[in-house]
Structures are given as structure tokens and as C-alpha cells.
Amino acid sequence: FFKQKTAYEILSGLVGSEMCIRDSSICLTGYYLQSGNCNPLPQNCMTGTSSTNCTACYGGYFLSNSTCNACPEECSTCTSAKDCSNCSTAKYWDTTENKCVNGSSNCITPINATACTQCYEGYY
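Taking this note's numbering, the leading residue of the sequence shown gets 3, the next gets one more, and so forth.
Read the hints as simulated data drawn from the structure, not as lab findings. Just so you know, even glycine gets a beta-carbon here, dropped at the ideal spot from N, CA and C. Take the hints with a grain of salt, since some may be wrong.
[To be verified] Calculated pairs, SDA-like style, for lysine to any residue (alpha carbon to alpha carbon, straight line, at most 20 Å):
1) 84 with 72
2) 93 with 103
3) 84 with 97
4) 93 with 115
5) 93 with 125
6) 93 with 70
7) 84 with 62
8) 101 with 78
9) 101 with 85
10) 84 with 107
11) 93 with 65
12) 84 with 46
13) 93 with 113
14) 93 with 126
[What the hints assert, rightly or not] Okay, the calculated beta carbon distance ranges per label pair:
15) 124 with 71: 38 to 48 Å
16) 30 with 88: 21 to 31 Å
17) 39 with 104: 23 to 33 Å
18) 107 with 79: 21 to 31 Å
19) 28 with 104: 41 to 51 Å
Turn these sequences into a full structure, and let the hints guide you.
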């Protein structure tokens with residue numbers, strides 16, 4: 003059921019001692035298994051079932067119709083092009099403009115244009 007393989011047998015770029023793995027092909031993130039071979043998934047696709055079907059995307063991208071699309075500018079976590087749950091430092095998601103915008107001055111983590119949950123040192 004399990005057999006021992008060297009790191010080189012698994013991936014030529016790996017360095018290390020022997021390790022136990024399941025005696026079947028296992029693909030690295032960003033690849034899918036087809037007919038015993040690991041093939042690359044589409045760009046920005048972390049997991050999927052074919053060259054055209056993603057099931058999860060890397061950070062900064064969202065899944066739509068089995069395709070990974072970029073989050074809005076300055077957004078690292080989103081569920082669509084019109085939604086961001088994690089804007090860059092000192093920015094918040096403006097639902098009217100559908101983009102990350104600057105919060106109030108001296109605010110690290112703004113909620114909106116006037117509210118702040120964390121200020122820069124020396125400010126409150």
C-alpha cells in the first residue's frame with residue numbers, strides 16, 4: 003500500500019532523505035492528475051480537475067465559472083470583482099466605488115472613511 007521513494011523520484015528539485023508516500027501518483031499544488039501524469043492547471047489555479055476546470059485559486063484571485071480571476075487592485079482576498087474582504091494597509095473596501103480606497107489619515111485599519119480599528123503609533 004505504501005512504498006518508499008527517494009525525494010528525487012517524487013520531484014527532481016527536492017532534496018532530502020527517503021520518505022513514505024502512497025503508491026500512486028500525487029500531484030503538487032497547481033497540477034492535476036490525468037492518466038497517471040501530473041499536468042499544469044490554468045494560471046493562478048491552486049487545485050482543479052483539468053486544464054480548464056479550477057476548484058480553488060491562489061490568494062489574490064477568486065473562482066468564477068471554474069476560472070481564476072484577479073481580485074480588484076490592492077485587494078488580497080475577494081469573492082468577486084465587486085467584493086473585497088482584505089484591502090491593503092490603510093485602505094478599506096468602498097461598496098459605492100467597488101474598490102479599495104484610503105481611510106482617514108493616521109489609520110492602519112479603517113472600516114470606512116471615518117471609522118478606524120487600529121491607528122498608527124502615537125494616534126488614537
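Hints and how they fare:
1. With a C-alpha separation of about 11 Å, the suggested pairing of residue 84 with residue 72 holds against the 20 Å cut-off.
2. Annotation: proposed proximity of residue 93 to residue 103 holds, straight-line Cα distance about 5 Å (limit 20 Å).
3. Taking the CA atoms of residue 84 and residue 97, the gap is near 8 Å; set against the 20 Å cutoff, the hint holds.
4. Taking the CA atoms of residue 93 and residue 115, the gap is about 9 Å. The hint holds against a cut of 20 Å.
5. Taking the CA atoms of residue 93 and residue 125, the gap is about 17 Å. The hint holds against a cut of 20 Å.
6. At most 20 Å may separate the alpha-carbon atoms for a hinted pair to count; residue 93 and residue 70 exceed this at roughly 24 Å.
7. Of the pairs offered as hints, the one joining residue 84 and residue 62 holds, with about 13 Å between alpha carbons and a cut-off of 20 Å not exceeded.
8. With a C-alpha separation of about 12 Å, the suggested pairing of residue 101 with residue 78 holds against the 20 Å cut-off.
9. Using a Cα cut-off of 20 Å, the hinted pair residue 101 and residue 85 holds, with the two alpha carbons roughly 8 Å apart.
10. In summary, the hint linking residue 84 to residue 107 is not supported, as the alpha carbons are separated by about 25 Å, beyond the 20 Å threshold.
11. Under the criterion of a C-alpha separation no larger than 20 Å, the hint pairing residue 93 with residue 65 is inconsistent with the structure, at around 23 Å.
12. Taken as a hint, the residue 84 and residue 46 pair is honoured in the structure, with Cα atoms around 19 Å apart against an allowance of 20 Å.
13. Distance check on the hinted pair: residue 93 and residue 113 sit about 8 Å apart at the alpha-carbon level, within 20 Å; holds.
14. Straight-line distance between C-alpha atoms of residue 93 and residue 126 comes to about 17 Å, which keeps the hinted pair within the 20 Å bound.
15. Taking 38 to 48 Å as the suggested C-beta distance range, the pair residue 124 and residue 71 conforms, at roughly 40 Å.
16. About 26 Å separates the C-beta atoms of residue 30 and residue 88, a value consistent with the hinted range of 21 to 31 Å.
17. Between residue 39 and residue 104 the beta carbons are some 48 Å apart, a value that contradicts the proposed interval 23 to 33 Å.
18. Separation of residue 107 from residue 79 is about 25 Å and conforms to the stated range, judged on CB atoms against 21 to 31 Å.
19. Judged by the Cβ atoms, the range 41 to 51 Å given for residue 28 and residue 104 holds: they are separated by roughly 45 Å.
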